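Sequences listed follow chains B and V, in order.
Once you know that position 110 of the first sequence is 105 in our numbering, the rest is easy, because the numbers rise by one and skip nothing.
In our numbering, each residue carries its 1-based index in the second sequence increased by 185.
Relax, there's no trap hidden among the hints.
Partner residues are not named here, just some residues of chain V that face chain B (Cβ under 8 angstroms, in silico):
#1 Met186
#2 Tyr190
#3 Ala217
#4 Thr221
#5 Ala224
#6 Leu230
Which chain V residues face chain B? A few, computed with CB under 10 angstroms, are given here:
#7 Asp187
#8 Glu192
#9 Gln227
Since the hints were made in silico from the structure, they are not lab data.
Bear in mind that the values here come from a model prediction, so they are computed numbers and not experimental data.
In this text, a Cβ means the ideal position worked out from N, Cα and C, and glycines have one as well.
One letter stands for each residue in the lines below.
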Amino acid sequence: MSRSLLIPLASALFLSDEQAMWRVQSQEDPHAFARLMDRWRKRVYGLCARMTGDSHRAEDLTQETFTRLFVHRKSYVPTARFSTFLWRIALNLCYDELRRVQRRGECSLDDPQGETSSLGEVLVDPEPAPDERLVQRERAELVRTALLRLSETHRTALVLRHFEQLKFREIAEVLEIPEGTVKSRMAEAMTQLNHHLNLLLRKESTPCKTILNPNPPKVTQAR
Amino acid sequence: MDYLYKELPRKDRTAMRGHLRDCASCRAQVEAWRGTMRALNQWPLPRPRPSAGTARVFLKWGIAALLVLGTGFIFGRFSAPAAPDLKTLQAALEPALKPALAADLRQALRADLLAQWQKVFQADRARLAAQLKQIQSAQYEALDAQVQELESQRLMDYVDLRRDLETLALATQTALQRAQGQLVQLAVLTQPENLNPKPSTK
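Turn these sequences into a full structure, and let the hints steer you where they fit.
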């Protein structure tokens, strides 16, 4: 009985991501999987939210990412880094989602008035005064809109580096491109974002149109 | 980019800083990017809703704990040795226990009786002592009365005796004085003839 209690406990406390994933892969260990979810849920959600600009979709995508992680557990190579595997799954799901939205002709991603769109609606900081909160919301909305105007390749580099704080080397590994390319994409993304922000600041209202890359890049593996 | 995101080795970073001091266009570019980074930081991420998965994990753990406890309980119930037959146990234990119990009972009874007896004895003793004391004091009082009576009797006797003696003494003195007088008188009457007797009579 003590053994049956100790093993999950030890696994929850001391397992690295790779060990946990190996357990999921080989033994379908639910505790190890729950541990992985606990560790990575927030970061995956962050990636999805920044990539799609939609908190509700991001939650669905996060769930979908972990579902897909379990379904494709056998294709994980235990020598590889778990985070790379997970980021690829999440990114591919984001690209799929963006393509689906584009196909449907939805404009909610770029529409502050859209029904589910605004992360700004949800990102209420409980502390500041109402007027301060309004300013924060407007700024956040501006950034979100500007970010969504970037191409997916540029946005991916920027989100992974700036928000998820991956090293350029790690991003290169996830996207399977040279590190130099990641950096040049990043520089380009920053320049473009700066440009879009300036544009948005100049004219307050933006017409509803989706600015999505018609051909999003595909990350290989883990599909 | 490496410089902006602090991925540059220390040596290169210093070199970069030096270059930025000299090159205005690079400095402007870096400043612009820094501004972009600050702008990006103004998009905080909303918190995800609490995970249903977490609740499920807790539920799973709860159920697992319940199962383990339940299994343990059932296992314990069934693996426990069967309860012995009470009558057999009684029969087996009775011969051994009876004398011991009887001895215990006797001892307890004896102790109880002793205590009771001592209690009664103490009470009796106290009562007797009180009575004795009472009697003694009564006797003392009676004795005192008698002594006082005797003393007064003695005094009265003494006074009577003394008076009698004094009366006797006075009477004696009177009688002696009378006798003395008579003697004197006798002497006076008889003295001349008695002193010169006649020789012719001889």
